[in-house]
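Between the sequences and the hints, there should be enough to build the whole structure, so can you do that?
Protein chains in written order, with this note's numbering: chain A, 1 to 224; chain B, 1 to 224.
Errors might be hidden in some of the hints.
Chain copies aren't distinguished; within one or between two, either way the pair holds.
To be verified - In silico lysine to aspartate or glutamate, EDC-like type, Cα no more than 20 Å apart, as pairs: (1) 78 <-> 149; (2) 78 <-> 148; (3) 31 <-> 58; (4) 78 <-> 176; (5) 178 <-> 77; (6) 30 <-> 104; (7) 54 <-> 207; (8) 178 <-> 204; (9) 222 <-> 29; (10) 31 <-> 104; (11) 178 <-> 148.
Treat the hints as calculated values from the structure; they're not laboratory data.
Protein chains: 2
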Amino acid sequence: MSAIRVPVVEKIFSTNDKIANQNRQNLSDKKVLAINLMASPGAGKTSFILATIKRLQDQFRIGVIEGDTAPVTIDADKIISAGMPAVQINTGGDCHLDASMMGDGLASLPLSELDLVIVENVGNLICPAAWDLGTHFNLLVASVPEGDDKPYKYPNIYRGLEILIINKVDLQPYVEFKMDYFRKGVEMLNPGLITFPVSCRTGEGMDAWIDWLSKKIIDFKKNS
Amino acid sequence: MSAIRVPVVEKIFSTNDKIANQNRQNLSDKKVLAINLMASPGAGKTSFILATIKRLQDQFRIGVIEGDTAPVTIDADKIISAGMPAVQINTGGDCHLDASMMGDGLASLPLSELDLVIVENVGNLICPAAWDLGTHFNLLVASVPEGDDKPYKYPNIYRGLEILIINKVDLQPYVEFKMDYFRKGVEMLNPGLITFPVSCRTGEGMDAWIDWLSKKIIDFKKNS
Numbered sequence: 001m002s003a004i005r006v007p008v009v010e011k012i013f014s015t016n017d018k019i020a021n022q023n024r025q026n027l028s029d030k031k032v033l034a035i036n037l038m039a040s041p042g043a044g045k046t047s048f049i050l051a052t053i054k055r056l057q058d059q060f061r062i063g064v065i066e067g068d069t070a071p072v073t074i075d076a077d078k079i080i081s082a083g084m085p086a087v088q089i090n091t092g093g094d095c096h097l098d099a100s101m102m103g104d105g106l107a108s109l110p111l112s113e114l115d116l117v118i119v120e121n122v123g124n125l126i127c128p129a130a131w132d133l134g135t136h137f138n139l140l141v142a143s144v145p146e147g148d149d150k151p152y153k154y155p156n157i158y159r160g161l162e163i164l165i166i167n168k169v170d171l172q173p174y175v176e177f178k179m180d181y182f183r184k185g186v187e188m189l190n191p192g193l194i195t196f197p198v199s200c201r202t203g204e205g206m207d208a209w210i211d212w213l214s215k216k217i218i219d220f221k222k223n224s
Numbered sequence: 001m002s003a004i005r006v007p008v009v010e011k012i013f014s015t016n017d018k019i020a021n022q023n024r025q026n027l028s029d030k031k032v033l034a035i036n037l038m039a040s041p042g043a044g045k046t047s048f049i050l051a052t053i054k055r056l057q058d059q060f061r062i063g064v065i066e067g068d069t070a071p072v073t074i075d076a077d078k079i080i081s082a083g084m085p086a087v088q089i090n091t092g093g094d095c096h097l098d099a100s101m102m103g104d105g106l107a108s109l110p111l112s113e114l115d116l117v118i119v120e121n122v123g124n125l126i127c128p129a130a131w132d133l134g135t136h137f138n139l140l141v142a143s144v145p146e147g148d149d150k151p152y153k154y155p156n157i158y159r160g161l162e163i164l165i166i167n168k169v170d171l172q173p174y175v176e177f178k179m180d181y182f183r184k185g186v187e188m189l190n191p192g193l194i195t196f197p198v199s200c201r202t203g204e205g206m207d208a209w210i211d212w213l214s215k216k217i218i219d220f221k222k223n224s
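Next up, the structure:
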């Protein structure tokens, strides 16, 4: 079966990478930083985006592309209620966004008015890792109740990250999660990875993330 | 891109279904019941299997096939430590097991000595839904900290289930999870679905599941 699939997949990848580069160029031309936000289902992607918007809304304008496998607008509705532009992309059952879908999403956002675009990828630790969307960096929202063995089990997604968020740290007392074991796995795959342990629920750790991201947006505007 | 992909995928599906039927026949011939256990990463699949083994080990012999995308044997090692035969299948990055991999797994288990085979599929709410492995029923381990909107976002996997486990109910006081909203979504997709709310950590709810499963195994042995 692999012998049939591989050439098709390679062709799709090279087309994807071309469109991804166009998306990145389009964003950089308009001085809009873009983040590909990935996670397992229920790690708290949308809550994390909402918590980020809440803290940055007086300083920056943020657009969101919501990737979902089903035609539901639950997440996009939440972003719009928070006062920011959002577009929902239905992958039609596919387990990841691709650069072409991302291009469609960007076309529906008022890019020239934005400072940051956050792309909420489909909830999945496998498929999204292989697809460049044309963002500037990859961020994973891991979460404490998922367990401390995830880097060991889903190494590909950890290898391609620039930022790791460890969400739901407020649940540590109620679950078995050895932070040292988790971090050792991450360090093996992606040495020196920038990591923010946070709780979107209690707000713990969010200041450090927001400081880092604000600086990143300002630097990007200066240098792009 | 879809125009290229669809015929290949259809061919793979029909080959898969043929092998799946062979697997099911093989299991039924040997009077071994088989469960395809699916879940998001970190919902507690392995803990649920271990809790099930612990409660059934005096009555039944259980084999486990562990599907992982990476060449790690963390989960299989845990099952073997619990005194049951287990085999680890590395999908080589694929986001689901298929019937052929399941066939390889079955060939490595002492089937004639077993009453039940549990297949722990790759942690994913999208891909596994489309692949018949040749088990007798599909079970999903959902978990409270993942959030109550999962049926709405991942409808395909809920539609194909015979059993739903709602794990980590002990975490309900610490997270926002509206059980009514969750169950309403499930009922819409899969009316009357047999559901067991449990906590593998505290043991809550496990008796009802074990009673149900024990009866199922005994009935299956009688009638197959």
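Now for the hints, and whether the structure bears them out:
{"no.": "1", "hint": "78 <-> 149", "in the structure": "between (31 Å within a copy, 13 Å between copies)"}
{"no.": "2", "hint": "78 <-> 148", "in the structure": "between (29 Å within a copy, 15 Å between copies)"}
{"no.": "3", "hint": "31 <-> 58", "in the structure": "within (18 Å within a copy, 65 Å between copies)"}
{"no.": "4", "hint": "78 <-> 176", "in the structure": "between (31 Å within a copy, 15 Å between copies)"}
{"no.": "5", "hint": "178 <-> 77", "in the structure": "between (35 Å within a copy, 19 Å between copies)"}
{"no.": "6", "hint": "30 <-> 104", "in the structure": "within (16 Å within a copy, 52 Å between copies)"}
{"no.": "7", "hint": "54 <-> 207", "in the structure": "within (12 Å within a copy, 44 Å between copies)"}
{"no.": "8", "hint": "178 <-> 204", "in the structure": "within (19 Å within a copy, 24 Å between copies)"}
{"no.": "9", "hint": "222 <-> 29", "in the structure": "within (12 Å within a copy, 70 Å between copies)"}
{"no.": "10", "hint": "31 <-> 104", "in the structure": "within (19 Å within a copy, 52 Å between copies)"}
{"no.": "11", "hint": "178 <-> 148", "in the structure": "within (6 Å within a copy, 26 Å between copies)"}
Of the numbered hints given earlier, the model fails none.
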